[in-house]
Each structure stands twice: as structure tokens, then as C-alpha cells.
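2 protein chains.
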Amino acid sequence: MVRIAVDAMGGDHGPSQMVAGAVEAVAAKPQIQVLLVGQEDVIGAELAKHTYDKEKIAVVNATEVIATEEPPVNAIRKKKDSSIVVGMGLVKKKEADAFVSAGSSGAILVGGQVIVGRIKGVERPPLAPLIPTEKGVSLLIDCGANVDARSSHLVQFAKMGSIYMEHVMGIKRPRVAIVNIGAEEEKGNALVKETFPLLKACTDINFIGSIEAREIPHGGADVIVCEAFVGNVILKLYEGVGATLIGCVKKGMMTSLRSKIGALLVKPALKATLKSFDASRYGGAPLLGLNGLVVKTHGNSKANEVKNSIIQCVAFKEQQINEKIRDSLEAAKKEE
Amino acid sequence: MVRIAVDAMGGDHGPSQMVAGAVEAVAAKPQIQVLLVGQEDVIGAELAKHTYDKEKIAVVNATEVIATEEPPVNAIRKKKDSSIVVGMGLVKKKEADAFVSAGSSGAILVGGQVIVGRIKGVERPPLAPLIPTEKGVSLLIDCGANVDARSSHLVQFAKMGSIYMEHVMGIKRPRVAIVNIGAEEEKGNALVKETFPLLKACTDINFIGSIEAREIPHGGADVIVCEAFVGNVILKLYEGVGATLIGCVKKGMMTSLRSKIGALLVKPALKATLKSFDASRYGGAPLLGLNGLVVKTHGNSKANEVKNSIIQCVAFKEQQINEKIRDSLEAAKKEE
Chain A
-6 MVRIAVDAMG
4 GDHGPSQMVA
14 GAVEAVAAKP
24 QIQVLLVGQE
34 DVIGAELAKH
44 TYDKEKIAVV
54 NATEVIATEE
64 PPVNAIRKKK
74 DSSIVVGMGL
84 VKKKEADAFV
94 SAGSSGAILV
104 GGQVIVGRIK
114 GVERPPLAPL
124 IPTEKGVSLL
134 IDCGANVDAR
144 SSHLVQFAKM
154 GSIYMEHVMG
164 IKRPRVAIVN
174 IGAEEEKGNA
184 LVKETFPLLK
194 ACTDINFIGS
204 IEAREIPHGG
214 ADVIVCEAFV
224 GNVILKLYEG
234 VGATLIGCVK
244 KGMMTSLRSK
254 IGALLVKPAL
264 KATLKSFDAS
274 RYGGAPLLGL
284 NGLVVKTHGN
294 SKANEVKNSI
304 IQCVAFKEQQ
314 INEKIRDSLE
324 AAKKEE
Chain B
-6 MVRIAVDAMG
4 GDHGPSQMVA
14 GAVEAVAAKP
24 QIQVLLVGQE
34 DVIGAELAKH
44 TYDKEKIAVV
54 NATEVIATEE
64 PPVNAIRKKK
74 DSSIVVGMGL
84 VKKKEADAFV
94 SAGSSGAILV
104 GGQVIVGRIK
114 GVERPPLAPL
124 IPTEKGVSLL
134 IDCGANVDAR
144 SSHLVQFAKM
154 GSIYMEHVMG
164 IKRPRVAIVN
174 IGAEEEKGNA
184 LVKETFPLLK
194 ACTDINFIGS
204 IEAREIPHGG
214 ADVIVCEAFV
224 GNVILKLYEG
234 VGATLIGCVK
244 KGMMTSLRSK
254 IGALLVKPAL
264 KATLKSFDAS
274 RYGGAPLLGL
284 NGLVVKTHGN
294 SKANEVKNSI
304 IQCVAFKEQQ
314 INEKIRDSLE
324 AAKKEE
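Top to bottom, those sequences are chains A and B. So the first sequence is residues -6 to 329, counted in my numbering. So the second sequence is residues -6 to 329, counted in my numbering.
Wrong hints could be hidden among the right ones.
A pair counts as met if it fits within one copy or between any two copies, since identical chains are not told apart.
List of simulated lysine to aspartate or glutamate pairs, EDC-like, C-alpha gap at most 16 Å [what the hints assert, rightly or not]:
| hint | residue 1 | residue 2 |
| --- | --- | --- |
| 1 | Lys295 | Asp74 |
| 2 | Lys42 | Asp74 |
| 3 | Lys180 | Asp141 |
| 4 | Lys180 | Glu63 |
| 5 | Lys253 | Asp141 |
Worth flagging that the hints you see were computed from the coordinates, not collected in a lab.
Make a model of the complete structure from these sequences and hints.
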């Protein structure tokens, strides 16, 4: 069994999509058991709308809710009975293997470190979303809140990301690259120049060198290593350029009668292709390096994305990702 | 008269597009005089294909060519008779007001500093391309080679960028924002946190605060301030995501007979809309803060983009941008 605590209160769509996603997840995978964390009566009312195996879903009451705009450190400290604090507490106490939330990123990042805690030896837990590419998906590591990283952090990100892509996403010898402003080894800022030779010296990852941002959407690497400020810019610009261009295409199609007729004919094929350029079907962003697993799903997740985020926790547990991370860090320490 | 030296040898398409662009530029604006810099015989052969006012175009011989892959510092030092070194020398000697090149970015950045030289008080000359947005264009400053910038550099970038957007692009009180990972003032890495209050204290710019990368394509600010590593990532990811998505749309339209017919109907309208999401019609990227103007156009520039890059030098000279930059720096110095 894989026991997954799900934050029923987080996300733009509130409990309805979180509960629906949980119901879909337990129906899809027999080994999943979900603990829905949040206000009992609200969750109960949502559950009543579905038919599901009662043995697979339990409710854990948590009366408070952390809002997106709340300062995270304060929220985690003060709201002891919030769905995030209670859900992460279940992971801490080993009553759950993973925690999935669509709530405040800041609170999830802080809670992951403070409540769940880091694996011994992990300097910083990176948030690593999957981003869509022409060839599938790549892991962008780190997009968390810990900016101004050091080279030793980036080396750990590369190793953890590589383990995740190989064993959860099933990519053999994932290509690891560092985000840079040119392909040559001598290019880059101080951090990249310091990190590059360290990554090159790692025998347990398939380091392919620098990647320019232009090559990321073409699928130029499987694990894209960068510090969180750059990662955040990449992630958000991806969304922004995508949304703007799709908006332009739609607007362009509505400019004349001719193009409107064309749009009707093109629509189904276009929808299918653009769907392939959507990472949400792979699940949410794992916060790696913790004593347990925390997954952040998009704030605007619908039931299907919530389901995928829950399902991805199964491979994480069954493939013993944290044990592999621990082994990798110990091996690195011995080499020193 | 505005005298503009044009590197006839740079760019992926070689002399043909550079020369054609120069011919179009002098035909479009009577006050433009072009000095085509490069191998005399090659330029002569290209010019022979066009009809143009012989008083408006002269050829300045330069026998060497700097290739894109050459290490820039070395190339500038060794190839004294290259089109870039000779062209920048014309600006240095005040025989030209500006230099336009589609050649090696690295060599242009190095040459700008070493040959043309900085305006007194300018700490670093930023490379500032225009990027397309839903609402027109924004200036992304800095995308140059000088990474690991300091906060004082970013403040100068903001001022120079603001002057450029107001007086060359005609945007009144351009909105200046700093790239950040959240909208709140306390967010950011060390550099952004240090720069934010300095920008806030500037009375001569319209500072609107932080901008998240997601808002850039929506036209959230007119002048987007960042250090060069982040700027480079933004610029290249813009290109990469755009190319990938347009590729997906095209592929999607070719998947069935129905969608192929639709594509034929949609094509002209779509082409017109996507053209509006293309910054090249505004010209190239100015390298600001130099004793003269250096403009870097895309390596793959066609005649039309070369023409626009030449024409943008006219407003730069007529609006006395460098005098305005000088005044702004002196005012800032007095305030200290």
C-alpha cells in the first residue's frame, strides 16, 4: 500500500477538484490509499457526490486553511491545525508516504523543510517541476524559494533530479545539463563556472554540459539544473509565452469569415497536438530530498491533474527514490 | 545627416542581405548616409545588383572577417582590418554616428567597450534587445556578456533603458520593472533585494516594482531590468518556446485532411497576427552607454530587419540619446 495525504483545501478550485482527483486516483491504482486532509464537513459533502471504495479513502480533520497570500513562515508556525501542517505531520509521523497539495507554494516549501525535514546530507530540498518539450518532458530543478544557491547545492540537485527522471519517469541514463548563456565550458556566471567542473567530475550522472535556454523546449536535456531564481524565470516565462502565443493564434483565427471556417476545421487536430505540450498529465512538482515526499500541484489543478499527482507518488515509493538519494549522497561523501 | 557604418560581412546571410538592407534604408529616409564596411570587391558586386543614390552609400574597405565562433577578445585584438574593428573605428573617430552589425555578439560587445568606449560614468554598457509582447514591444536590459552585475549597474540600465524607450520608441513615461520571482518587495535574490530600493528612490524613472517572468509577454512593463545571465535566459527561452509552439501548431494542422483544409483557410490571418508578435520590425538591439551607437541585429537578419536597424539609429541621433544619458548620470552623481 502507498498512503498519500492529500490537501483537500488548497488550490484555486477548492475541495471539489481535490476530492474528485482522490476518488479517480484510488479507482485507477489498487495500491493507493488516500487520506483527505481538511475540514471534515466540507470534505464529507464532496465525497457524498462520488461512489468509491470506502476502505481506500479516509478523512483527517484539519480546521484551518493557509491562504496563498499569507507569509509562509508565519502561517506554518501559527496555523497548527491547517491542512498543510496536519498533512505534512502525517508524513513526518510515517502515517503517510507522501503529501500532495495545490496550496501556497511558499507554505509547502517552508513546511517541507520545517515539518517533514531533510534527508541527512541534503543541503537544500529543490522543487522540481516537469516542463513540456517537443520530445516529452524535462525536469527543471530548482524552482523553489531558496535563491542564491551554492555550487554544492546544484550538484545535489543534478543527482536527485537524475534519480527521479530515471526511476519515476523511466528515462534511461537521463541527460543532465546546466543552464548557461553559451555552450562553451568557459561561459557563464561565477556560480555556473564553479559548478560545471564539479558536475563533469560526477561519475553517477550523465552530464552533457551546458544548455542554452533556447534548447530547453526542444528537449535538449532531461534534467535541467539551475538555481531557483533562474528556474523560476524559466518556469513562468514558459507559461507566459505559451499563453500569449496561443492567445495570438486564437485571435488570428477569428479575424475573418474565411479564417473562422478554417478554425472550425483545424480545432480538433490542434487541440490534440497542443495537449501533448502540457506537462500536467505527468503530475505535480516534487519537493525532493525530504524524509518522505511532498508534491506541489498547480494552483489551478483540475481533478485529472490531482489524480496524476497522487499516482506519481506510487512510483516514488515503489522505486525507493529516497533510499537511492541517500545512497548517492553517502557515496559522494565517501569519495571526498 | 546621420552617418551609419554597416558591417557588410556579418550575419548568416552574408553581404547580400546587409547591402540590400542598406539600399532600402537610404531610400526610406533622406537623412541617412551609409558606409558599407567590408571587402570592397564583394560589396561592389552586391551593390551592382541595386539602383540607389550614389551619394548616400560609400564603401570602406576592410579585408578581414571575424567569424561567430572566434574568441571575441582575441579577434578584436588581432583582426585590425576586420569589418567590426574598422566599422567601430569609424564611430570612435566620429566619422560615423553609429555602427550596425549582424556579426559575432561577443566581438560586438568587446569592440563596443574597447574601441568605441563608454560614456564617462557608465559602469557597463548593456545590450538591450526589444522583445515582442501582446501590447507591442518591451526593452530587455541587459542581455550582454557581463554577468554577475552589481546593483549600481542595474540602476544605470534602468535609466538608460527608460531614456531609450521614451525618446527612440516614443513611449511616454515608460514603466520600468525589475525581473523577480514574486511581486512583493521582500522577494528576490540578494541582487534584486539590494537593487529594488535604489530603483524606488530614482525620481527620473517610472519604477513600477517587480515583474514576474509570466507577465513579460503580456506587456507588463516597458523596460525590463535584469542582469545579463537572466536576460539571456529570457531572450533565448522566448525564441525557443515560440519556435516550438508554432512548430506544434503547424504539425497539428497537418494531421488530417480536415485540418489541412482548415490550415489553408486560416493561414493568411494567422500569418498577419503572428507577424505582430515579432520584434525584428523595430530593429536590432542597441548597446547603450557608448560614445556613439552600436546596434546588434539578429544573425539571421534579412534586408528588412537590417533596414529597420539602420533607421533606428536616426531617432537615436536626432533625439540626442547619449546627451540625455550623460545628463542623467551627472544628475545622479550630483544627488550623491
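Here is what the structure says about each hint:
no., hint, result
1, Lys295 with Asp74, "neither (25 Å within a copy, 63 Å between copies)"
2, Lys42 with Asp74, "neither (26 Å within a copy, 79 Å between copies)"
3, Lys180 with Asp141, "between (19 Å within a copy, 12 Å between copies)"
4, Lys180 with Glu63, "between (40 Å within a copy, 13 Å between copies)"
5, Lys253 with Asp141, "neither (49 Å within a copy, 49 Å between copies)"
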